[in-house]
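S.K.: Here's the letter readout for the chains.
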Amino acid sequence: MMTKIGQSGSDLPTPARVNGEGPRVLRAGFIPLVDASVLIAAAEFGFARKEGVTLDLVKDVSWANVRDRLAFRQFEIAHMLSPMPVASMLGLGSNPSPTITPFSLGQGGNAITLSTRLFERMREIAGIAENATALENAEALAKVLEVMRKRGEPLPTLGMTYPFSSHNYEFRYWLAAGGIDPDRDVKLVVVPPPMTSDALAAGAIDGFCVGAPWNMVASERGVGRIVAAKQDIWPSAPEKVIGMRPDWAESRPETVSRLLVALDEAARWCDRPENHDALAEALASPRFIAAPVDIIRHVLAGQFSLDAKGNRRIIEDYFTFHRGFANYPRPSHALWLYSQMIRWGQAEFNERGLRAAASAYRPDLYRAALGTGPANADIGIEGERDGDRFMDGHVFDPSNIAAYIENFAVRSPLADNAERHEI
Amino acid sequence: MRAPDLTILVMDENAIRASIIEEGLREAGHSNVTVIHEVQGVARIIETLKPDVIVIDIENPNRDMMEHLFQLTRTVSRPIAMFVDRSDTALIEAAMEAGVSAYVVDGLKKERVKSILDMAVSRFNAFSRLQRELAEAKSALEERKVIERAKGILMKMRGLSEEEAFALLRQTAMNEKKKMSEIAQSVVTAAGLLM
Chain F
1138 MMTKIGQSGS DLPTPARVNG EGPRVLRAGF IPLVDASVLI AAAEFGFARK
1188 EGVTLDLVKD VSWANVRDRL AFRQFEIAHM LSPMPVASML GLGSNPSPTI
1238 TPFSLGQGGN AITLSTRLFE RMREIAGIAE NATALENAEA LAKVLEVMRK
1288 RGEPLPTLGM TYPFSSHNYE FRYWLAAGGI DPDRDVKLVV VPPPMTSDAL
1338 AAGAIDGFCV GAPWNMVASE RGVGRIVAAK QDIWPSAPEK VIGMRPDWAE
1388 SRPETVSRLL VALDEAARWC DRPENHDALA EALASPRFIA APVDIIRHVL
1438 AGQFSLDAKG NRRIIEDYFT FHRGFANYPR PSHALWLYSQ MIRWGQAEFN
1488 ERGLRAAASA YRPDLYRAAL GTGPANADIG IEGERDGDRF MDGHVFDPSN
1538 IAAYIENFAV RSPLADNAER HEI
Chain X
130 MRAPDLTILV MDENAIRASI IEEGLREAGH SNVTVIHEVQ GVARIIETLK
180 PDVIVIDIEN PNRDMMEHLF QLTRTVSRPI AMFVDRSDTA LIEAAMEAGV
230 SAYVVDGLKK ERVKSILDMA VSRFNAFSRL QRELAEAKSA LEERKVIERA
280 KGILMKMRGL SEEEAFALLR QTAMNEKKKM SEIAQSVVTA AGLLM
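Chains F and X are the protein sequences, given in the same order.
If you want the working numbering, it's the 1-based position in the first sequence plus 1137.
If you want the working numbering, it's the 1-based position in the second sequence plus 129.
Hints in this document: simulated from the structure, not taken from any laboratory.
For every residue, glycine included, the Cβ atom is placed at its ideal position computed from N, Cα and C.
Hints should not be assumed to be uniformly reliable.
As the list claims (entries may be wrong) - To spell it out: a stretch of chain F is covered by chain X in this simulated footprint if at least three of its residues, at any positions, have a beta carbon under 8 Å from a beta carbon of chain X; those stretches are: (1) 1203-1211; (2) 1328-1339; (3) 1350-1364; (4) 1457-1470; (5) 1532-1538.
What the hints assert, rightly or not - Label pairs and their calculated CB-CB ranges: (6) X:R258 to F:D1525: 52 to 58 Å; (7) F:D1384 to X:R258: 29 to 35 Å; (8) X:T218 to F:L1292: 17 to 23 Å; (9) F:E1290 to X:H166: 30 to 36 Å; (10) X:E188 to F:R1358: 22 to 28 Å; (11) F:N1448 to X:L237: 51 to 57 Å; (12) X:H166 to F:A1438: 53 to 59 Å; (13) X:E188 to F:A1338: 22 to 28 Å; (14) X:Q260 to F:D1523: 55 to 61 Å; (15) F:R1286 to X:R261: 53 to 59 Å; (16) X:Q260 to F:D1525: 48 to 54 Å; (17) F:A1438 to X:M303: 37 to 43 Å.
Said to hold, decoys possible - Subject to a maximum C-alpha distance of 20 Å in a straight line, what follows is the list of computed SDA-like cross-link-like pairs (lysine to any residue): (18) X:K238 to X:D217; (19) X:K243 to F:K1196; (20) F:K1196 to X:E188; (21) X:K239 to F:F1209; (22) X:K243 to X:E152; (23) X:K239 to F:N1232.
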C-alpha cells in the first residue's frame, strides 16, 4: 500500500491552471532506479499536488527513449543522467536537442561490481584484503589484466549504462586510477540497468557500474562483488538531474518554479531516515523499480552487502537527496563532465564547448524558485576539500581544463588535441 | 536514374511485426532487408552488413547499447546517427508515438529515409490496431459467452424463456448503470456460490 501524506488546511491543492501557462500536468519520464526517488516522492507523497502540479510519471526502458521523448514533446520533464543535458548542449550523440537542468536529484547511488570469479583472481594474484580500498581494488584488477594478457585470454567485458553517463565516466575514472586503459585493456559495453545482474550471472559481462539497487541485487545473489562506490571515486560527482527543454522552461516560469519548490520539499523528505520505510515501499512497487523492498531499504541506509558471504560495509551518505545543496545544479559539475568527455575522446576542447557545457546547468532557475543557494562560486575548484577528494588525488580547476586532462596518465589519444586548443 | 538500393536492418523483438515491416519494405522495392529479433551479436552484424538504415522498435531496452556502438568508430566505419528531420518534426513525433525509431548513416538523403520511416510508422500503427482489434474481439467473445451462461442459469433457476432471461439481464444492467456482461458475470459467480 502506498502511503500519502495527510491533506490538512494548508495542503489544499492550488488550482491547476494559473497565469495562462496552461494546465500543470507534467508528463515525467523516468528509468527504474533509486535515484529517481525525489521525483517519485514528489508525485506519490503529495508534494507536487501541494504546489498545484500534477506529475504523470512514465516508466521508460532506455535513456535514448527518455531523451527523444523529451525532445519530441511527449515528456515535459525527465529523470536524466547528469551528462545528458551537457552532451545535448554540446551537440554530441544521437539526436542532441537543447536540454537544461535547473535541479539535481541528489548525490550518490552508484557502485562498481565485478564478477566473483574475477574478484577471486584479484585476491589470488594481488593478495588484496577483504576490506581493500577502491584504489587497491583497481590496482589489483590491473595486475590480473596483466596476467590475462600474457596468457592470451580475452579481455574482460564491463557494462555501463549509456555513452554519456556518470557510470561511464566513473568506471573509466576508477579503471584509469588503477593504471587500466578503459579503451585498450577492457571492453566497455552498454547493458540496461535491470539486466546487469542477470548478464553478470550468465557470464555475458565480467563487471558493471550502475546505480542502485542493481549492485546490491548482484552481490546478494552471490554473482558479484562490489569493489568501489561512487563516494570512493568522487563524493560530489553529479548523478541524476531533472531535464527539460529550455524553450518550455522559458515559456512557463511559474510552472518551473512550483515544480522546483515541490521537488525541493520532496528531496528534504527523502533525506529523513524516518521516511525511508515509506519511500522504500513506494519504490519497490512494480510501477516504479520492481525490486525487493528489503534491498531498497538497505540501499537507502547505505548498508552494503559486498558479497553473499556476509562482508558488509556501511557507506555514510550513500544517497544524499537534499542536504548540503545536493540539488543545486552546479556549472562546475557540468564542466567536470565536459572534461571527462574530452579526456575520453567524445568531445573537443574549445571556448564554444566550455560555454555550451556550462549553459546546460541553470542555477539561476534554482535560485529564482527557491531563493537560496550555496555560498561558494558556481564555477570553482573541485576536489580539494577534506571528505570531497577524487580517488587519485587530482584537483579539478575549471579555468585550466587542458592541464587537468594532460595530468592524467591514462586518457584517450584523441584528448591530446586539447593541448593545442589551450585557451 | 534510380539510386542504388539501400541496405536496411530491422531490429524488432516482435517477430510478427518485424515481418510485416519487412514485407512493406520489399513491396516498396527494397530488396536488401535483414531482420533480427535479438541484439546478441548485433555489433558483428552491423559490421558485416554495413546497413544504410536501421529501423528499431523503441520499446527495446537495447537502444542505449546500439547508440554506444555507433559512438565507437572501431565498430562502424561510417558514422550513424538517429534520423531526425528538424524541418519535419511531425514525422518524428508520429514515429515516437507509433513506437519506432531509425538510425541512418552519414550523408544519406533525408527524402530516401523519410519514405522508409513513413512506411514503418504506418505498419507499426496497423499492427497496434490489429492487436487492439484482436483483443477487443476476444473480450467481446468472452462477454457473449458469459451472457449465454447467465441466461442459461436464469432460465433454469427462474423458469424463464430465453427472451425473458435476456430481457431481465438487460433491464438489471440498465437499472444498475452497468454493462450487461458485468451483471451476467455476477449471476454466474452467485450461481457458483449457491449451487
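S.K.: Evaluate each hint against the coordinates.
M.R.: Okay, the hints, checked on the actual structure:
no. : hint                          : result
1   : 1203-1211                     : holds (count 5)
2   : 1328-1339                     : holds (count 4)
3   : 1350-1364                     : violated (count 0)
4   : 1457-1470                     : violated (count 0)
5   : 1532-1538                     : violated (count 0)
6   : X:R258 to F:D1525: 52 to 58 Å : holds (55 Å)
7   : F:D1384 to X:R258: 29 to 35 Å : holds (34 Å)
8   : X:T218 to F:L1292: 17 to 23 Å : violated (42 Å)
9   : F:E1290 to X:H166: 30 to 36 Å : holds (31 Å)
10  : X:E188 to F:R1358: 22 to 28 Å : holds (26 Å)
11  : F:N1448 to X:L237: 51 to 57 Å : holds (53 Å)
12  : X:H166 to F:A1438: 53 to 59 Å : violated (42 Å)
13  : X:E188 to F:A1338: 22 to 28 Å : holds (24 Å)
14  : X:Q260 to F:D1523: 55 to 61 Å : holds (59 Å)
15  : F:R1286 to X:R261: 53 to 59 Å : holds (55 Å)
16  : X:Q260 to F:D1525: 48 to 54 Å : holds (53 Å)
17  : F:A1438 to X:M303: 37 to 43 Å : violated (57 Å)
18  : X:K238 to X:D217              : holds (14 Å)
19  : X:K243 to F:K1196             : violated (29 Å)
20  : F:K1196 to X:E188             : holds (11 Å)
21  : X:K239 to F:F1209             : holds (18 Å)
22  : X:K243 to X:E152              : holds (17 Å)
23  : X:K239 to F:N1232             : holds (15 Å)
Violation of the numbered hints given earlier is confined to hints 3, 4, 5, 8, 12, 17, 19; the remaining hints are satisfied by the structure.
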